[in-house]
Amino acid sequence: MPQEIRTRFAPSPTGLLHIGGLRTALYAFLFARNQGGKFILRIEDTDQKRSVPGALENIIQTLADFSLNADEGPYHQSERLEIYKKYAQELIDKKVAYYCFCTHTRLEELHEQQIAAKVPPKYDKHCLLLSQEDRETLLKSDQARVIRLNIKSGEQIVFTDEVHGEIKFSSDEIDDQVLLKSDGFPTYHLASVVDDHLMNITHIIRGDEWIPSTPKHILLYQAFGWNIPKLAHLPLLLSKTRKKLSKRDGDVSVKEFVEQGYLPDALLNFVAFLGWNPKTEHEIFSLAELVKQFSLDKINKAGAVFDLDKLDWFNGMYIRNLNAKDLLEKCSPYLKKAGINFETLSQEFVEKVLLLEQSRLKKLSEIGERVGYFFREPVYDPKLLIWKNTPKETILKNLNSLAQFLLTVPTENFKVTELEPLVKKFIEDSKMKNGEVLWPLRVALSGLEASPGPFEIMEAFGVLKNGKEIILKRITKATENLF
RNA sequence: GGCCCUAUCGUCUAACGGCUAGGACGCACGGUUCUCAUCCGUGCAAUCCGGGUUCGAUUCCCGGUGGGGCUGCCA
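Our numbering numbers the first residue of the first sequence as 764 and each following residue consecutively.
Careful: at least some of the hints might be erroneous.
As a list, the in silico DSSO-like pairs of lysine-lysine whose alpha-carbon atoms are at most 30 Å apart [claimed, not checked]:
1. Lys-888 - Lys-903
2. Lys-1115 - Lys-1006
3. Lys-885 - Lys-812
4. Lys-1010 - Lys-849
5. Lys-1236 - Lys-1178
6. Lys-1100 - Lys-1236
7. Lys-1088 - Lys-1018
8. Lys-903 - Lys-849
9. Lys-1099 - Lys-1073
10. Lys-1115 - Lys-1187
11. Lys-1187 - Lys-1151
12. Lys-812 - Lys-1010
These are computed hints drawn from the structure, not numbers from a lab.
Construct all of the structure, not just a fragment, from the sequences and the given hints.
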């Protein structure tokens, strides 16, 4: 039986899940699903100082909102301290790790000296060279201690990355990494290696920023005598300034994007294409389709700039694909936020209104300001009511005769398909021009320079009992504002 | 500074070593039209530089340069 593919997403709860983390999670999820394997969630909460309240909940909630549910976990490293201690002890016993009692002060001084001497900062193995006696004494004292990995010099460490190919390091460059901190917590390096092994992770999928510490991990696997999982380092997500995407670049937390009205499916689709693509000219993919298409060998090597314009395009596409019911559901919070009391109105009306603006939305959060005129009387800018250089008098006359005409049309006929031919015929028969009537009519209805067409607006209002009344009232009000 | 990763339009990217280097976003223009959006069409726009291998290099190799990451008892 072939080995089951197992991937993991291993965030640390130091803040809201950000967009780069989402992409890493997505790739790990896609690969596991594509291979019929398992996707595991592991919380790397080994740094008590940086742990942020609510971050854990946010990570779990966000993954759920994006349908990236884990098959196993979440495991919490903070609950596995005894395990790491045991393995750290094993390394001590095997003499590949050693106790270090150096104080922060000593370490800082050493660091400064090395910088001043222009040599790469590295621990000087001071405590490795302690006499047996001294070590025993210190061990029995209450002096703080850490466990460090003893890295031998002069060795080549080579590993094969699934996206970058072969990567080589010299052990001379590698510091004697702390594995177990003085507070008894493991560092990332120990904890992730131990857990990836214990949890039978077959593929480690993580960001490129981990490449430099991978040789340390390789050394640990070798020291334990464990198999090394396959490694896939993903190209970084970059800001417009080509730096690693971080909080400094504005909105990077997934939560903020969702709150702005980006749809999870759109965000996922967009982010999937940052560093990977299916080699077809198709760009709109559902999560299920991404699962089907995904493979590690299609991952790119170079970092990808996070481009909001393209995200907006994806989001617009997804918004346009929403049906009326979903559109209403997704827009509801934003309508409420805009103080629009839509719940007392007929659902048919509200849906029609939303459908009218659907093709104009890039983000759901824009909906409030877009549809406001349907729920509040417009305020007119007299100049806006004028079509090109048409005299005010003509506009007034046209609007008045149009109002008279609309009076004769039954509300049931307030449908674009019926109203438009009717009105256009009337305009023609009355020897008026389309623009001289329809432009001011549209402005009368919306109060806006740009809006859906007048027939569409009238159809929406036509759903209301007093819809025709509202229409006529607005036309009248507009004519009063002409002078 | 040291180490590592990396390099195709402004951005995301495609191109068994072989056609005028393709698509998408954005931008510009045009069509549909009463405006805007949608939709459709057109256009602008790229192989970082220098060597080498080869009949032929965006592709392979070397060097440079640019960009990025790491260099914590952070992850």
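Now for the hints, and whether the structure bears them out:
1. Proposed proximity of Lys-888 and Lys-903 is supported: the alpha carbons are some 20 Å apart, at most 30 Å.
2. For a cut-off of 30 Å, the pair hint linking Lys-1115 to Lys-1006 is broken: about 44 Å separates their Cα positions.
3. A C-alpha spacing of about 24 Å is found between Lys-885 and Lys-812, which places the hinted pair at or below 30 Å, so the restraint holds.
4. Taking the CA atoms of Lys-1010 and Lys-849, the gap is near 37 Å; set against the 30 Å cutoff, the hint is violated.
5. The hinted pair formed by Lys-1236 and Lys-1178 meets the criterion: a straight-line CA distance of about 19 Å does not exceed 30 Å.
6. About 28 Å separates the Cα atoms of Lys-1100 and Lys-1236, which keeps this hinted pair within 30 Å; it holds.
7. For the given pair, Lys-1088 sits about 23 Å from Lys-1018 by alpha-carbon distance, which is consistent with the 30 Å threshold.
8. For the hint pairing Lys-903 with Lys-849, the CA-to-CA distance comes to about 19 Å; that is within 30 Å, so the pair holds.
9. Restraint check: the Cα-Cα separation between Lys-1099 and Lys-1073 comes to about 28 Å, which is no more than 30 Å; the hinted pair holds.
10. For a cut-off of 30 Å, the pair hint linking Lys-1115 to Lys-1187 stands: about 23 Å separates their Cα positions.
11. With a C-alpha separation of about 19 Å, the suggested pairing of Lys-1187 with Lys-1151 holds against the 30 Å cut-off.
12. A C-alpha spacing of about 19 Å is found between Lys-812 and Lys-1010, which places the hinted pair at or below 30 Å, so the restraint holds.
Hints 2, 4, counting from the list given before, are not met by this structure.
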